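Visitor: Going line by line, the protein sequences match chains U and R.
Following the numbering used here, the residues of the first sequence are numbered contiguously, the last one being 387.
Following the numbering used here, the residues of the second sequence are numbered contiguously, the last one being 291.
Calculated directly from the structure, the hints in this document are not laboratory data.
Computed from a predicted model, the values in this text were never measured in an experiment.
Note that beta-carbon positions come from the ideal geometry of N, C-alpha and C, so glycine has one too.
Incorrect hints may have been included.
Over 12 angstroms on every C-beta distance to chain U, these chain R residues come out as not near it, computed from the model [what the hints assert, rightly or not]:
| hint | residue |
| --- | --- |
| 1 | R43 |
| 2 | G45 |
| 3 | R68 |
| 4 | R148 |
| 5 | Q160 |
| 6 | A169 |
| 7 | E199 |
| 8 | A251 |
| 9 | D262 |
Pairwise CB distance ranges, derived in the manner of DEER restraints [what the hints assert, rightly or not]:
| hint | chain 1 | residue 1 | chain 2 | residue 2 | range |
| --- | --- | --- | --- | --- | --- |
| 10 | R | Q46 | U | L239 | 50 to 58 angstroms |
| 11 | R | G146 | U | S291 | 35 to 43 angstroms |
| 12 | R | A254 | U | A220 | 56 to 64 angstroms |
| 13 | U | R218 | R | A254 | 37 to 45 angstroms |
| 14 | U | R218 | R | E233 | 52 to 60 angstroms |
| 15 | U | G289 | R | G144 | 47 to 55 angstroms |
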Amino acid sequence: MSNTAVTLNPAPAAPVQAATRPWGRALRALAERLLPWLLPLVLVVLWQLSAQWGWLSSRVLPAPLGVLQAGWTLAESGELWQHVKISAGRALLGLAIGGGLGLALGLLTGSVRVAETLLDSTVQMVRNIPALALIPLVILWFGIDEAAKLFLIAVAVFFPIYLNTFHGIRNVDPGLIEMGRTYGLSRWGLYTQVILPGALSSILVGLRFSLGLMWVILIVAETISAQAGIGYLTMNAREFLQTDIVLVGILLYALLGKLADVFARALERHWLRWHPGYQTTT
Amino acid sequence: MSQHPSSGGVRVQLHQLSKRFGQREVLKRNELTIEPGEFVAIVGRSGCGKSTLLRLIAGLEQASSGELRLDGAPVQGLNDSTRIMFQDARLLPWKRVLDNVALGLPPERRADAAAVLSQVGLGDRVNDWPARLSGGQRQRVSLARALVHQPRLLLLDEPLGALDALTRIEMHELIEGLWRRHGFTALLVTHDVQEAVALADRVVLIEDGEIALDERIALPRPRSRGDAAFAATEKRILDRVLQHPDTAEPAPDPNWPGVPAHGLRWAI
Numbered sequence: 106m107s108n109t110a111v112t113l114n115p116a117p118a119a120p121v122q123a124a125t126r127p128w129g130r131a132l133r134a135l136a137e138r139l140l141p142w143l144l145p146l147v148l149v150v151l152w153q154l155s156a157q158w159g160w161l162s163s164r165v166l167p168a169p170l171g172v173l174q175a176g177w178t179l180a181e182s183g184e185l186w187q188h189v190k191i192s193a194g195r196a197l198l199g200l201a202i203g204g205g206l207g208l209a210l211g212l213l214t215g216s217v218r219v220a221e222t223l224l225d226s227t228v229q230m231v232r233n234i235p236a237l238a239l240i241p242l243v244i245l246w247f248g249i250d251e252a253a254k255l256f257l258i259a260v261a262v263f264f265p266i267y268l269n270t271f272h273g274i275r276n277v278d279p280g281l282i283e284m285g286r287t288y289g290l291s292r293w294g295l296y297t298q299v300i301l302p303g304a305l306s307s308i309l310v311g312l313r314f315s316l317g318l319m320w321v322i323l324i325v326a327e328t329i330s331a332q333a334g335i336g337y338l339t340m341n342a343r344e345f346l347q348t349d350i351v352l353v354g355i356l357l358y359a360l361l362g363k364l365a366d367v368f369a370r371a372l373e374r375h376w377l378r379w380h381p382g383y384q385t386t387t
Numbered sequence: 024m025s026q027h028p029s030s031g032g033v034r035v036q037l038h039q040l041s042k043r044f045g046q047r048e049v050l051k052r053n054e055l056t057i058e059p060g061e062f063v064a065i066v067g068r069s070g071c072g073k074s075t076l077l078r079l080i081a082g083l084e085q086a087s088s089g090e091l092r093l094d095g096a097p098v099q100g101l102n103d104s105t106r107i108m109f110q111d112a113r114l115l116p117w118k119r120v121l122d123n124v125a126l127g128l129p130p131e132r133r134a135d136a137a138a139v140l141s142q143v144g145l146g147d148r149v150n151d152w153p154a155r156l157s158g159g160q161r162q163r164v165s166l167a168r169a170l171v172h173q174p175r176l177l178l179l180d181e182p183l184g185a186l187d188a189l190t191r192i193e194m195h196e197l198i199e200g201l202w203r204r205h206g207f208t209a210l211l212v213t214h215d216v217q218e219a220v221a222l223a224d225r226v227v228l229i230e231d232g233e234i235a236l237d238e239r240i241a242l243p244r245p246r247s248r249g250d251a252a253f254a255a256t257e258k259r260i261l262d263r264v265l266q267h268p269d270t271a272e273p274a275p276d277p278n279w280p281g282v283p284a285h286g287l288r289w290a291i
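Sequences and hints are given; from them, build the entire structure.
Guide: As structure tokens, then:
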């Protein structure tokens, strides 16, 4: 470790000579980027060593190399992709159903007063029921099939998107709407060019909330019962005390969650590129 | 101003025009005629009703009573030959400068938008986001957006109020130049008497919802602010604005020293 620590810290080398200064600066920038990874790296190495030297039972935590190996074996046999595909498919279908409904209803209540009076207080009441509290009822209704999982995910992701869409539309600057009207925009033009883009940043915040919830609900739903998917993989492995595969499953969930977040941020950067807060410094 | 073709501008006529919000009468039986191609500035203190008058003419509000005609036809809602420049530029932040100017234009007229942008001196900023522009540049985009529709009546609702002094003078020259070139009728609402005298053929003062002064500014254009006649006109109108009884030094409250200490309350 001491070796890496030295190469990671080139600061003393930098002021030696003026000619080497650009190099020094580059190294320093590199070190600044790498330094945050130092602690995780040390922890993983400690973990590996303690597993190797028998301080840590593999029942509790298998060695990181063991986890990698298990992941590799699963990936090679194609089993891993099968499960990832099924889990991601469930999550995305649930998001599409719940999020789509939330967006549509949010647009409706945000734009039409009557719809708000009719629907909004009902939605706000139902919103207070945690999706997971519905599990017993959902099992009674749908059994333990795919439909139950999709329903739970759809219910959970519906509310953040609904609420943020509604508020996004309501918070569009009335001055801009008035301007649009005086400049001869039709109702449709006003909607597509002023109201929707104005609500977009808020809608995307709702989407990011929903993506977070989506994985949580998926994990719970798959842990209850599943015939396939990452949850099935881990629960099955638990039965056989295969802690390495359990860890592979956990890491997969983390990875998928991170991917979803990266995707949502990419959407923000693209759709909100006009916004000073999302502009990359050029 | 005879050099303006009458086809370029709209005649605005107000007859006994009143506007009430609830119990409060904001405009009281106003009579005013603005000739086609004329540049009229409306001055007054905040809350005197000058912005309401502008919104009435724009068709954004409905008069409570009286008549309001553009070229003889009564105003009913928004009018396609009228455009407003708002106090805040009201650019759509998610559209690039060119798309902001082309707002509401048919697609085949996008080239006009670019042409008007170069008229206001922003030909090289067409692809920028509004967030990248300065306050003065935003108002110039907003002016271009209004002009690209070739309005016959341009309403300016304190569009320069938030700009610094130098940018304002630049904007005055730009607006005056474009007005002379296009020949539209212009109605400028402002609280800045100097701005009114610099730009307008006539300065109208509104006090408590009534027209209190309607003065023709005979100074030759282009007007220079250093000019003695300019300064005298500005001072005369400013004095008249300030004459209003509301501005009289408020008499000291006779009760104040008599309030006993326990009668005071802290508000923290």
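Visitor: Indicate, hint by hint, whether the structure satisfies it.
Guide: Consistency of the hints with the structure:
no. : hint                                : result
1   : R43                                 : holds (21 angstroms)
2   : G45                                 : holds (20 angstroms)
3   : R68                                 : holds (23 angstroms)
4   : R148                                : holds (14 angstroms)
5   : Q160                                : holds (15 angstroms)
6   : A169                                : violated (8 angstroms)
7   : E199                                : holds (23 angstroms)
8   : A251                                : holds (41 angstroms)
9   : D262                                : holds (35 angstroms)
10  : R:Q46 / U:L239: 50 to 58 angstroms  : holds (53 angstroms)
11  : R:G146 / U:S291: 35 to 43 angstroms : violated (29 angstroms)
12  : R:A254 / U:A220: 56 to 64 angstroms : holds (60 angstroms)
13  : U:R218 / R:A254: 37 to 45 angstroms : violated (54 angstroms)
14  : U:R218 / R:E233: 52 to 60 angstroms : violated (37 angstroms)
15  : U:G289 / R:G144: 47 to 55 angstroms : violated (25 angstroms)
Of the numbered hints given earlier, the model fails hints 6, 11, 13, 14, 15; all others are met.
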